[in-house]
Amino acid sequence: MGIELLGKTNINFIGMRKYAFILSVIFVSMGIIALVQIWRGQANLGIDFAGGTAIQLKFEKPVQMEQARKVLETSGYHDSELQHFTEGNKLLIQVKKPFEAREAKVSDRIVAAFSGEFKENKFIVEGTTEIGPKVGKSLRDDALIAVVISAIGMIIYLAWRFEFSFGVAAAAATFHDVLTVMGLFLLLGKEINLLLITALLTLAGYSLTDTVVIYDRIRENLRLRPKDDLGVVMNSSINEVLSRTIVTSVTVFLVCLALFLFGGEVIHDFSFALLFGIVVGTYSSIFVASPIVYEWRKGQKIRIRTKR
Amino acid sequence: MLRSIQLRAGLIVLFLALSIFFLIPTLVDPLPKWWTKYLPTDKINLGLDLRGGMHLLLEVEVQKAVESMMDKYAADIKDSLTKKDIPFGKIERTPDGKISVVLPDSKANDRFNQVRTDQFPGLKVASFREAEGKFLYLLEGNPKEAKGVEESAVRQALETIRNRVDQFGVTEPVIVPQGDREILVQLPGIKDPQRAIELIGKTALLEFKLVDDENSLEEALKGNIPPGDEVLYQKVVDRDSGVVTRRPYLIKKRALMTGDVLTDARMRIKSDFNESYVSLDFDARGARLFDQITAENVRKRLAIVLDNNVYSAPVIQERISGGKAQITGSFTPEEASDLAIVLRAGALPAPVKIIQNVTVGPSLGEDSIRKGIRAAFIGSLLVVIFMVAYYRMSGLIADWALVLNIVYLMGAFAAMRATLTLPGIAGIILAIGMAVDSNVLMFERIREELRLGKTVRAAVDAGYDKALFTIIDSHVTTLITAVVLFQFGTGPIKGFAVTLSLGVIINLFSALIGTKVIFDWINMKKQLKTLSI
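As they're listed, the protein sequences go chains U and D.
Using numbering that gives the first Met the number 0, read the first sequence as starting at 0 and increasing by one per residue.
Using numbering that gives the first Met the number 0, read the second sequence as starting at 0 and increasing by one per residue.
Chain D with its partners taken away, still in its complex shape (with noise of 0.2 Å):
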């Protein structure tokens, strides 16, 4: 008998200890060194609902990628007629995604078909016609390319997206993929979530754009958009009165070069005008184009077009060799510097769109948990005079088994590392209550034996032994659902799933065990004649 209390007593000596031990992080603060260097440091991790934060889904948009390697084949596939002086009427993507082009005369579309099969033998032709001695063709994609592109779009988007983040300064950032198409952003204890919706959901695609001076811009937004050109606007905001306006422009559909030249992008401040800016440089590949751009188009206007907002158009006065450019608008030092950001982690390959986003501020999250804390505070309190008053004795020793539970769980959570939830604080409650209901089972159990006249000893044998298999039914049961909540749960029914399982797996120990070996101990010390339960 005393070998198997001591036994047990170790234990859940041993067990305290460990919970303790892992529950050291988050109760002393700050740790001694010696502690740091050595042991673990993790604190019980809360969740977004408890702490604050930002929590995003994100869908990207993945069509849009597919669409603009089709935009990009159609352009290629001007460029050879054009270079190979193969005449053509309309060449465009059309909206569902497909290529349509049109060849003037049975000569030319002899050449175009040589041309399509040897550059272009990914386009399939998906219809022909001839008409009026006219030759239409529709050509789509190939379908396993399309999804390769969907597929390395989220991979990329993820990964700008994880630059992006660390580039700003988040600690412990969570960038993860969901499904297929979707990426879950959570970023603990944000403080102006505005601007990390625009540094995460920009697409920052920068294009450099020439400005159609040769036709009137008033004709174009009459409506009178000439083939090949678009308007596009530029924010220009009043320095004195703050008003902010749309100007248009006339620009150029085709982008003479993009983003991806970019080596570094650093925001900068004007002394003299004390207005900030964003210095781009480009590598080897863009400065060359720069050049020749430049070069061409000497007293030409170019646009600087970012996510098809003009920032800036200035003449350009002489050809600019050297790879260094900047965008000049109205910015303020934030604005500047996180356009820097996003331009050096690159573009995303397809728009993202938010699907969901759940912004808890530090206050609430604070408030919540100290309502939280008192509220299961008062409510244990509640438990555990309740249990005295109705059991006395035993129900102290009720009391020292949900004290066990408590501690033993929270030590749990942080040696797992797993998160605290809302819905996880609902879970424990729950355990709370199967740890009183397990104890309740056993002490009516016991009082039963007792009415039967059975001595202290064979009463709390034989109560145990009657109620062990009711509390493990009933454990067990809840152990299903809970492990498949788990499973097949998602957000805060997981969270209410974690702590609900490893409540369960607790409170069997230190129903079982916990209590028992109080009772064999005073049963052993003195041999009770009367148990106060």
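Isolated chain U (complex conformation) (with noise of 0.2 Å):
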């Protein structure tokens, strides 16, 4: 055989859902304070939510942080925000305000105050986005939708594959962890944008697989021993799949760790949710999907299709 990273196991990953729930209750209470933040509009919504204005300039040398922020200053863009891409010498401005088309636009004032400013340093645009206030509102209620309905589907398969408790054990799971990446990203003030939103459904897959294993794993030993006691056959589910669990997480983690690092500016962000997504990920699966259900059904007979 080749290595094992983990042997047999006996952990009481049940006995431990205590201090697990204080834990995740803290992780989620940071997101839903995120959402609330979000709602409110005082989090750093990115501007294809918040509307507003975004220019990407490439120099041919090396730029001066102070004299760029001078320049937005001097323009009447006090309240923009400054991004600096030392490879390849990139500025990122982003300006918060919803754009009017009418007026003299956004993008070209900025443009032609660099161009005046950085006469020795040349730049080329490499990219704007415009996004007026409706359209970002409308995008963040589609993506509410598409979100909550997903979630409906995932609890009816799950119901009917396991049961109800299961279903939405399994979805709570999964919201924990995309809350606990959104209070993450509001605490480290990083930009809550549409990309961020499909690094969540990626994590929220990821997430809700990895509980899936664990589930099915829970089924067929209640299936073999239907006289233990749920905990003792939770417990010793998850901890014969536990190896899986660990190599997957880090086949997964490997594969976003060379995105995180190799990937780009367009998806640091994006890969640094994954990243610290996927642990929160199989942390979930471990210690929050299968204590609620053991919370909700302890003690009980647990119907479970026997038919597969």
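Simulated from the structure, these hints should not be mistaken for lab results.
Just so it is clear, CB atoms sit at the ideal spot from N, CA and C, and this is done for glycine as well.
Pulled from the structure, derived: some chain D residues nowhere near chain U, Cβ distances all over 12 Å:
| no. | residue |
| --- | --- |
| 1 | R2 |
| 2 | P24 |
| 3 | D104 |
| 4 | K106 |
| 5 | K123 |
| 6 | V164 |
| 7 | P247 |
| 8 | R253 |
| 9 | V297 |
| 10 | M409 |
Per label pair, the in silico range of CB-to-CB distance:
| no. | chain 1 | residue 1 | chain 2 | residue 2 | range |
| --- | --- | --- | --- | --- | --- |
| 11 | U | N120 | D | E317 | 51 to 59 Å |
| 12 | D | I384 | U | L34 | 34 to 42 Å |
| 13 | U | Q66 | D | P31 | 49 to 57 Å |
| 14 | D | K32 | U | E119 | 44 to 52 Å |
| 15 | U | V147 | D | E333 | 44 to 52 Å |
| 16 | D | K190 | U | V147 | 40 to 48 Å |
| 17 | U | V231 | D | D464 | 21 to 29 Å |
| 18 | D | E365 | U | V231 | 52 to 60 Å |
| 19 | D | N162 | U | V147 | 37 to 45 Å |
| 20 | U | L34 | D | E144 | 43 to 51 Å |
| 21 | D | G227 | U | L34 | 53 to 61 Å |
| 22 | D | K71 | U | N120 | 48 to 56 Å |
| 23 | D | I384 | U | N88 | 29 to 37 Å |
Hints given; two lone chains; assemble the complex.
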């Protein structure tokens, strides 16, 4: 046989649920605070949700940040955000004011101001994004509706394959992960944009798979050992699939690490969300998804479909 | 056993061949002649975020189209009343889209009502008031007619923008309606986004109006604009210094003629000044109208107004027949040529507002692709190495499944002409993760069975059997999510959902058939006593 990271383990995961719940409540409340902040418009929303203008410039030579900031201030964009990518001498300027198509365009004015100041250091406009406030709102709503409906579909399928409590717990664990990553992004002041939503969906898919694998083993063991206590069955099931859980997490983590390190600035935050999300997703399928079912159904007879 | 192995291997090879077949246009450049003649030549379609280009969402301001319909009604009412010598006070469109009519006495009122019911049955009386011997009406349009005007405004705007883009020359543009009053325009690989926006967003309403020389422009600029007049400006560029100034004109509001009588508009260059201008050709009706206008207004100034900007206001020297005119101004050749395009393609029935503009320069797109591919490659390599290190020979089989997966996925992309976007790459990462996971699930199961002391053959079969339902469950839940996201998501989320759904389906195949067949084949060739797993 090849390497084994873990031999046969016998960890009492269900017994640790109290500590896990405390930790998770902290995570989830952070996420809920993030949601409220987003709803209030206080969070660092990307311009695709908030509306506004973003311009990315690529210079020939390195740029002094002070100089760039001065240009923005003198041209009246004090509240704009400036991000510097040293690799390739790139500047990302974001003005989070809903733009008005009729006015002189924000992007034109900024580009003109920079051309005046940086005469020695030529640049090209690599990309511009302008989003009206109405579009931002509809993008946000569409994303929300899609997420909610897919959660419902998922609960129905898992309720049919396992039991209602399993479906709800799987959905809860998935939302737990999504909220945790959102909370982290709020804490770090990172931007919440459409690309992050995609990362959260990827992460939700990953976390869900992880949870289903463990549920599957629990179902199998419940059938084999109907007399045993639910907690005992859950523990041994989680232990049995633990090496699979770890191996899969490690491989996906490696892929995301490569994206994070080499993927370029556009997907930098995206891959950061995934990296962190994989750790949380693995944690939640072990410490959140099954313990919720345990708390819900302990001491009761679980009716699992006997036919597969 | 042998038959089943042959069958499954055949299926794998068939799909592999199909994938490579569809990928050839993407990989081979240039394609041989015989290929382009008979076989598909579609490359994998890259989204704007990867190949660079411009994505615009336009909102047609349909209420403006309705307003101009009401303006026209107001003008028609005035005309009819004037023709019949019915005296009237003020007739104008109110800001909320109704028409207010004031009549001085009851005789005029009776005759007006006659005209109203005979000629304008579409207009309803919203309110009527009699005050100080005057009769005040507020007329409103038919909501059904307004709705029709709104719909046709969007349809016409779509058609006009399509024409303009076609004449501008962009390869593979996407111009489709979205929702009730929005138009989505995607222009891949565009070099000069600013110019494209000008071209698409210009209303291009061309009007010929008289300059009011009887009243004082100075007074008007102080705020005393005579009724029926307006102040419009001309942009004047000084040839030497390049300084731009705005020159005001006092202009009569009524348009004598509009751009809908044009049959052609071309960019020309005046040979003696090397100056660009746009020449206009009118149709028969336009030619007649222009002839009449110029005949009636000799020595007066005729302003050529485009989207409420005066371009020139020459004095009419003599009656002009023949149906030709020109627009001069300080144009660069590009400006003149773009203006000719928009005039040829026709005016937009209502102004459009850009509510979303995402422009990705070709260099950024290239950068994203290069880095994305490099990262995906390094990531896959890490996984490949890890799997071999962890599972030895079996890891090699898993790696084979991974390669199958990626080739199938790319092939399916090319065959279905789906569009690969940056979020799509995220979907592929998740799919790769699931592909590896399927193998890990099976291998861990096989290890468990081997630990129980089963023979290699029995362990492999049992491992696959038991892992099967777990794999199906996890894939179906993911597929449900992906399909819903595809159905209800927009833009990037849709791109993500497409790759994910394809990835899940392909992964099921390669996990359940792709690797098992190799185990079976090895098992059949040599009765393994131990398995490298």
